[in-house]
Amino acid sequence: MARVVLNALRKSFGAVEVIKGVDLDVEDGEFCVFVGPSGCGKSTLLRMISGLEEVTSGTIEIGGADVTRAEPSKRGIAMVFQSYALYPHLTVRENMGFGLSLARMPKDQIAAEVDKVAAILQLEPLLDRKPKALSGGQRQRVAIGRAIVRDPGVFLFDEPLSNLDAALRSQMRLELTDLHARLGATMIYVTHDQVEAMTMADKIVVLNAGRIEQVGTPMDLYERPATPFVAGFIGSPKMNLFEGEVARRMGASVYGIRPEHLKVSDDDGTWQGTVRHVERLGADTILHVEVPDLGPVLARIEGHRTYAHGARVYLTPDPEREFRYTPSAVD
Amino acid sequence: MILIQVAYGLSFCILLFRAFISSIPRDLDEAAIVDGATPLQVFFRVILPLLKPVTLTVIVVQSITIFNDFTHPLYYLPGAENITVQLTLYNFQSQFTSQLNLLFMNILLITIPPLLVFVFFNRQIVAGMTSGAVKG
Numbered sequence: 000m001a002r003v004v005l006n007a008l009r010k011s012f013g014a015v016e017v018i019k020g021v022d023l024d025v026e027d028g029e030f031c032v033f034v035g036p037s038g039c040g041k042s043t044l045l046r047m048i049s050g051l052e053e054v055t056s057g058t059i060e061i062g063g064a065d066v067t068r069a070e071p072s073k074r075g076i077a078m079v080f081q082s083y084a085l086y087p088h089l090t091v092r093e094n095m096g097f098g099l100s101l102a103r104m105p106k107d108q109i110a111a112e113v114d115k116v117a118a119i120l121q122l123e124p125l126l127d128r129k130p131k132a133l134s135g136g137q138r139q140r141v142a143i144g145r146a147i148v149r150d151p152g153v154f155l156f157d158e159p160l161s162n163l164d165a166a167l168r169s170q171m172r173l174e175l176t177d178l179h180a181r182l183g184a185t186m187i188y189v190t191h192d193q194v195e196a197m198t199m200a201d202k203i204v205v206l207n208a209g210r211i212e213q214v215g216t217p218m219d220l221y222e223r224p225a226t227p228f229v230a231g232f233i234g235s236p237k238m239n240l241f242e243g244e245v246a247r248r249m250g251a252s253v254y255g256i257r258p259e260h261l262k263v264s265d266d267d268g269t270w271q272g273t274v275r276h277v278e279r280l281g282a283d284t285i286l287h288v289e290v291p292d293l294g295p296v297l298a299r300i301e302g303h304r305t306y307a308h309g310a311r312v313y314l315t316p317d318p319e320r321e322f323r324y325t326p327s328a329v330d
Numbered sequence: 000m001i002l003i004q005v006a007y008g009l010s011f012c013i014l015l016f017r018a019f020i021s022s023i024p025r026d027l028d029e030a031a032i033v034d035g036a037t038p039l040q041v042f043f044r045v046i047l048p049l050l051k052p053v054t055l056t057v058i059v060v061q062s063i064t065i066f067n068d069f070t071h072p073l074y075y076l077p078g079a080e081n082i083t084v085q086l087t088l089y090n091f092q093s094q095f096t097s098q099l100n101l102l103f104m105n106i107l108l109i110t111i112p113p114l115l116v117f118v119f120f121n122r123q124i125v126a127g128m129t130s131g132a133v134k135g
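Sequences listed follow chains A and B, in order. So in numbering that gives the first Met the number 0 the end of the first sequence lands on 330, straight run, no missing numbers. So in numbering that gives the first Met the number 0 the end of the second sequence lands on 135, straight run, no missing numbers.
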């Protein structure tokens, strides 16, 4: 129905190549998240799928049809922008029905569609307000509603939650996940926040410098990161990665161990170090330990354990959870 | 005369419109395109309604300027039958005698039209003058 297939997709702005050959298959009904640092090309890739950005070479298929050169409105997609992009001069009802009115649908039919979607998103009391009279979360919902009304095969989200505060963001994460389950549509979601990626995705695509670094389910990426980049990007706090002489001694060109897989002890262990900072998060405590030879190392312990600044501790990595990368993985 | 005033005012108005249009986020155009709008529909249904404040500003500023204009009617509309109200002020002054009573009556009459405009469009004029000063 609405499977999205990208074949050897490339994009250049002048002499600068920002998307360097992307092959990807997003199954029908899948929630796929593009994640990566700023400037890695994830938004550009999404805009290429939407048709707002031209493709330099390669092809895009949506629902079995080649839409590489098709107009955005002919691709069966709807997009939710980071800034919401609501039309300020129109009411919520008109905003949501805008696409349908452009398609010359009869007015009563538009009203029925808008009412149906407003009921799903609990927007009924707001239908006659203008966007400036809405809060951030409500605007977000209207923007999503505007996308749903068009009944697209594929939803594209461009960092839709980054303008919301932390509490609202986690609530909207749940709502989006529910919405995906209810609509069963294909969704492609761009974010730089690995927490959003881990919690919402069926499939995560990690991008780095215009290339796909790894594709997999959230737990795949957490447990089996293919490259040091993915290892450092997925998981919070981020994995301890060591390069150079230290890593070579451990038989790898990059050695990694997650903070939660280090055993912290007062009297015995593999590495000895000094506590530099203690971050209490409630349920967990993060220790920043300075280990001679290794440098700074993060370790996660239970929230009730505490160490004084400057205390001496011993760290032992869990041998089954260590990652050793050979030079080929690093490149 | 209208064409002449258009020619003189055009550059300034284009500058104002240009500055205002550049402040409209690009996302809005793109949202409309994704919604299926043609370039003309993007302009008439999204951009043009958003230009209302700057259009009002342009109308107010240009009306005042043109109404007060003295030099251009003097140069381009010679002869007693074509003159604008601003030029009539000079009918009552001469090198040796001035009819101050008629001159002041004339000034009073000339003041009435802009005053009426201000009474009715007070809100828009003030909004137009401050628009762009702060975001909102």
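Worth flagging that the hints you see were computed from the coordinates, not collected in a lab. Do not take every clue at face value.
Selected chain B positions facing chain A (Cβ under 10 Å, derived; list incomplete) [as the list claims (entries may be wrong)]:
1. ARG25
2. ALA30
3. THR37
4. ARG44
5. VAL45
6. LYS51
7. VAL53
8. PRO77
9. GLY78
10. ALA79
No more than 30 Å apart at the CA atoms, straight line, and that leaves these computed lysine-lysine pairs for DSSO-like [what the hints assert, rightly or not]:
11. A:LYS202 x A:LYS19
12. A:LYS262 x A:LYS237
13. A:LYS129 x B:LYS51
14. B:LYS51 x A:LYS131
15. A:LYS202 x A:LYS237
16. B:LYS51 x A:LYS106
17. A:LYS106 x A:LYS131
Estimated spans, in silico, between C-beta atoms of each pair [claimed, not checked]:
18. B:TYR7 x A:ILE119: 38 to 48 Å
19. A:SER56 x B:ILE1: 46 to 56 Å
20. B:ARG25 x A:ILE119: 24 to 34 Å
21. B:THR64 x A:MET104: 44 to 54 Å
22. A:PRO87 x B:TYR7: 26 to 36 Å
23. A:MET104 x B:PRO48: 50 to 60 Å
24. B:GLN40 x A:SER235: 22 to 32 Å
25. B:ARG25 x A:GLU222: 21 to 31 Å
Since this is a predicted model, take the numbers as computed values, not measurements. Even glycine gets a Cβ: it sits at the ideal position worked out from N, Cα and C.
Results for each hint:
Checking ARG25 of chain B against chain A: minimum C-beta separation of about 9 Å stays under 10 Å; hint holds. A hinted interface residue such as ALA30 of chain B counts as satisfied when its beta carbon comes closer than 10 Å to some beta carbon of chain A; here the least separation is about 4 Å, so the hint holds. Given hint, THR37 of chain B at the interface with chain A, holds; its Cβ is 8 Å from that chain's nearest Cβ, closer than 10 Å. With 10 Å as the threshold, the beta carbon of ARG44 of chain B comes within range of chain A, its nearest partner Cβ sitting at about 8 Å, so the hint holds.
For VAL45 of chain B, the suggested interface contact is upheld, since its CB lies about 6 Å from the closest CB of chain A, less than 10 Å. For LYS51 of chain B, the interface hint holds, since its Cβ comes within 10 Å of a Cβ in chain A; the closest pair sits about 8 Å apart. The interface hint given for VAL53 of chain B is broken, as the beta carbon of that residue sits about 13 Å from the closest beta carbon of chain A, more than 10 Å. A hinted interface residue such as PRO77 of chain B counts as satisfied when its beta carbon comes closer than 10 Å to some beta carbon of chain A; here the least separation is about 46 Å, so the hint is violated.
The restraint placing GLY78 of chain B at the interface with chain A is violated, with a minimum CB-CB distance near 47 Å, outside the 10 Å limit. Taking 10 Å as the C-beta contact cut-off toward chain A, the hint placing ALA79 of chain B at the interface is violated, the least distance being around 48 Å. This hinted pair checks out: LYS202 of chain A and LYS19 of chain A have alpha carbons roughly 21 Å apart, not beyond 30 Å. For the proposed pair LYS262 of chain A and LYS237 of chain A, the alpha carbon gap of about 16 Å is at most 30 Å, so the pair holds.
In summary, the hint linking LYS129 of chain A to LYS51 of chain B is supported, as the alpha carbons are separated by about 16 Å, within the 30 Å threshold. Distance restraint check for LYS51 of chain B and LYS131 of chain A: the Cα-Cα separation of roughly 17 Å lies within the 30 Å cut-off, and the hinted pair is therefore satisfied. At most 30 Å may separate the alpha-carbon atoms for a hinted pair to count; LYS202 of chain A and LYS237 of chain A meet this at roughly 20 Å. Note on LYS51 of chain B and LYS106 of chain A: the hinted pairing holds, with a Cα-Cα distance of about 26 Å set against a maximum of 30 Å.
Straight-line distance between C-alpha atoms of LYS106 of chain A and LYS131 of chain A comes to about 25 Å, which keeps the hinted pair within the 30 Å bound. For TYR7 of chain B and ILE119 of chain A, the hinted distance range of 38 to 48 Å is not satisfied, since their beta carbons lie about 56 Å from each other. For the pair SER56 of chain A and ILE1 of chain B, the supplied restraint of 46 to 56 Å holds, since their beta-carbon distance comes to about 54 Å. Separation of ARG25 of chain B from ILE119 of chain A is about 29 Å and conforms to the stated range, judged on CB atoms against 24 to 34 Å.
Separated by about 46 Å at the C-beta atoms, THR64 of chain B and MET104 of chain A satisfy the suggested range of 44 to 54 Å. For the hinted restraint 26 to 36 Å between PRO87 of chain A and TYR7 of chain B, the CB-CB distance of approximately 33 Å keeps it satisfied. Taking the beta carbon of each, MET104 of chain A and PRO48 of chain B are about 21 Å apart, not inside 50 to 60 Å as hinted. A C-beta distance of roughly 45 Å is found between GLN40 of chain B and SER235 of chain A, which places it outside the suggested range of 22 to 32 Å.
For the pair ARG25 of chain B and GLU222 of chain A, the beta carbons lie near 41 Å from each other, so the given range of 21 to 31 Å is not met.
In the structure shown, a violation is registered for the earlier hints numbered 7, 8, 9, 10, 18, 23, 24 and 25, in ascending order.
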